[in-house]
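S.K.: Taken in order, these protein sequences are the chains called A and B.
At position 224 of the first sequence the residue is numbered 225 (my numbering), and the sequence of numbers has no breaks.
At position 51 of the second sequence the residue is numbered 1337 (my numbering), and the sequence of numbers has no breaks.
These aren't lab readings, by the way, just hints derived from the structure by calculation.
C-beta: ideal position from N, C-alpha, C; glycine also.
A few of these clues could be false.
Simulated restraints, written as ranges between beta carbons of each label pair [unchecked claim]:
#1 B:Tyr1319 with A:Trp116: 14 to 22 angstroms
#2 B:Arg1414 with A:Leu294: 21 to 29 angstroms
#3 B:Asp1509 with A:Leu294: 43 to 51 angstroms
#4 A:Phe211 with B:Tyr1319: 36 to 44 angstroms
#5 B:Ser1442 with A:Ile81: 42 to 50 angstroms
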Amino acid sequence: MASIARERDPGSSHYQPDPRLQRLHRRQLLSHLGLLALAVTLLAVLFVYPISRIIYTSFLIDGSFSLDHYRRIIEVDAYIRVLRTTLTIGFQVTLICLLLGYPLAYFLASVPTRWQRILIILVLVPFWTSFLVRTYAWMVLLQRRGVVNDWLMSLGLTSEPVQMMYNRMGVLVGMVHVMLPFMVLPLFAVMIGIDRNLIRAAQNLGASPFQAFRRVFLPLSLPGIAAGSILVFILSIGFYITPALMGGRQDTMIAQLIEAQVRDRLNWEFATAIATFLLIVTVIIVAVYNRILGTERVFGEDR
Amino acid sequence: MFSFFRSNGDRDLGPSGKAGGARLQLIDLTKVYDESVIAADKVSIDIEPGEFITLLGPSGSGKTTTLMMIAGFVIPTSGEVLVEGEDIAFRPPHKRNVGMVFQNYALFPHMTVAENVAFPLKMRSWSRADTENAVNEVLRLVRLPDHADRYPRQLSGGQQQRIALARALVFRPPVLLMDEPLGALDKKLREEMQLEIKHIQQETNITTVYVTHDQGEALTMSDRIAVMQDGWVEQLGSPTELYERPVNKFVADFIGESNFISGTLTTDEGTPKLKTESGWSVPLAGAEGRSDGDPIEVALRPERLSLGDRNAEVEVTGTIDEIIYFGETTKTRVNLPNGQQLVVKEQNLGTDREMQRGEEVTVRWNINDMVILRDDLPESAAHQEAEPEPAKTA
Ligand SMILES: Nc1ncnc2c1ncn2[C@@H]1O[C@H](COP(=O)(O)OP(=O)(O)OP(=O)(O)O)[C@@H](O)[C@H]1O
Ligand SMILES: [Mg+2]
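Chain A on its own, in the form it takes in the complex (with noise of 0.2 angstroms):
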C-alpha cells in the first residue's frame, strides 16, 4: 500500500455550501425568530402595557396631565407614614427571613442528596395550602385565647394572653411563615454549587471552621443573599391579606392604601400614583442593596 500526501490547493478558500445546508439554517433561523416573536409579544401585552399604563395614569387628574399626586403622597404625612411602615416590615420580614433561611439552606445543602429531595418538598409544603388558609391558621394560633396563649399560660410563663396579633408581631409571623421558602429556594440553590472541598482547603491552611465560613463559604453564598432578598423585599411590600387580617392600625401597608382609594374613594390615579412611587423606591432600594453586596465580584466579567 503506498501512502498518498495530498497537495493544499491555496486557491481554493472558498467552498460551495450543500444546499441542504442553506436549507436547514433557515428553518433554525425561522424558529428562532417565532420564539422570540412570542416572548416579546408576552412581555409587551402581560408586563410593559399594564405598566406604561398604571404610570401614564398616575399623571392625570380628570383626564389632564398634572403631577399633584405625586405632591400629594409626599406632603401628606400618613401616606409617607404608610411608606415608611411598609418599607420597615419589608426589611424586617426579609432579615429574619434570611437569619431563619441561612442555617436552613445550608443544612439542606449539606445533607446526602437522598435526603435533600424529601427536604426540599417540605420545604415546599406550605405552598400547597392557601395563602388565606394559612393566615387564618395562624390567627387561631396566636389569638388571645388561642393554642398558643393556652401553652404559655399552662406551663407558667405568663399569668395573662400575651398579645400577638392585631399588632406588628403577628404581621411578622404571618409574613415570615409564607415568605420563608422564596429566601431558602435561592440560597440553597448557590449553596449546592459552592465546592466542599473550598472548606476543606480553607482548614487545611490553617482557617478554623468558624474562619472558614466566614473567610470562604459565606463570601461565596452571597449571590444567594443578594438574591433571596431582593425576591423576598419585593414580595413583601406588595403584601395586603396578611397585614390587613393580622396587623393593627400602625401596620398598615401600601398595597391597603391603594385597595382603599381603589374600593371606597374610585381613585384610580391617585391610586396608579402611589403604586408608581413604591416602585420607584423599590428601584432605587434594589439598585443600591446590590452595589453594597458587590455580587459582580463573584459574576464579574475578568478585567
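Starting from the structure of chain A, add chain B with the ligands where the hints point.
M.R.: Below, chain B with the ligands without anything else, positioned relative to chain A:
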C-alpha cells in the same frame, strides 16, 4: 537559587544545607467505613525528611482515605500519624500545619492569586511585610510572579495548579500532600508539571506524599512508591525495586506490563526449573529456600523478550498471534505450542524486517529476567515483605 526556604531559621538544616521537611510516620493507619468497608488497612510507612512518597493504586484502593487521614479530614479508626514523633491523628485539620494540593486545585474563586496565596499567612497573623515577601517569593518559585492580581478563573489549568502549589508551600509546612494534582491536565502539560513539581520539591526539600493512579507519574517523580490495593500496601520500594523486583502478581501487572508463567519447582540435572502443567520447563534463578514441588510463578517483562537473533539463555519457538503497532514500539503476541502466550515488546529501530501473523518466531530471554513472585507464600509472610523497610541511615 531560592532563598525562600533556607531563610527559615527555626527549622534545622539538613546535611545538604536545605531546610528539611519533617519525618512522617504512618503506623498501622486503619479506616473502616460503616463497620465493614476497610478503606485503609494497617498502612505503615516510615517517611524520611524530604522524601517524596507516592501512593499508587487503582480506584478505590484507599489512597485518598490515607491522605485525608494525614490531612485530618478523615479520622482513623485506629493507628497513628507521627510528625517528628508527635501524634497528630486526632488533631483538627487547621491545627496540623500540613500543606495540601487538592485534585481540582480548590483555589478560592473570590480571591485574587495574591489573596489566595496569602490566605494561610493571614490565618497565621503574619505581618503585612512578611506576607508580601513570602507571597512574592513563592510566586517566583512556581514561576508565576506576574499573575498576583488575577483571579483563578483567569488562569489556565497549569497555572492554577502552580498557584495551588504555591499556596500549599507558602506557610512552610513540614509536610506536603497532593491528591492527583495533575489529573485534570492534558498529557503534555502533565509531563511538564511532573518535572516542575519534582524540582520544587527538591528545592524546598519538603516531605511529600503524592497520590496518583498513573504508574508512569509515580515512577518519574517518587523516591519510593507504596502500591496499594483494597486499602493494603502491597509493596513499598523505590521505582526500580518495584519495576525490577515486584513481589506479587498485582504489582507486576499494575506497574508496567508482565507475562506470567506459573507451574511447580523441579530440579533437573542440578538446575532449578519451572515446570508448567503442560510439561514445559524453563530454567530459573533465585529459587533458593523453596523445595521441589512448590508452586511457583514468575513475571517476565515484555521488553526483556526479543525476537531478534541475539544470544540468550532461554529460547522458545512459537507462532505470531497478533502484532500491535505503537509508533516507537511494537508489541507482538506469540502463542507457544504448550498453550502459553508471551507478549514481546520491541523498539522500532527501522531495521527489523516486517513480520506477519502466523509466522513462526523464536522468543529469547535471560534467566535473570524472570522475577519469582511471592503470591504463593503464606499470607503473613507475603505481607511481611510489604512492611516498611527500616529507615535508611541518614
Ligand atoms: N465516606 C465514605 N463512606 C463509605 N465508604 C467510603 C467513604 N469514602 C471512601 N469510601 C470507600 O473506601 C474505599 C477507598 O476509597 P478512596 O477514596 O480512599 O480510594 P482512592 O484510592 O482514593 O480511589 P480513587 O483513585 O478513585 O480516588 C472505597 O472502597 C470507597 O468506596
Ligand atoms: Mg482518590
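S.K.: All hints are to be evaluated individually against the structure, with a verdict given for each.
M.R.: Here is what the structure says about each hint:
no., hint, result
1, B:Tyr1319 with A:Trp116: 14 to 22 angstroms, "holds, 18 angstroms"
2, B:Arg1414 with A:Leu294: 21 to 29 angstroms, "holds, 27 angstroms"
3, B:Asp1509 with A:Leu294: 43 to 51 angstroms, "holds, 50 angstroms"
4, A:Phe211 with B:Tyr1319: 36 to 44 angstroms, "violated, 28 angstroms"
5, B:Ser1442 with A:Ile81: 42 to 50 angstroms, "violated, 56 angstroms"
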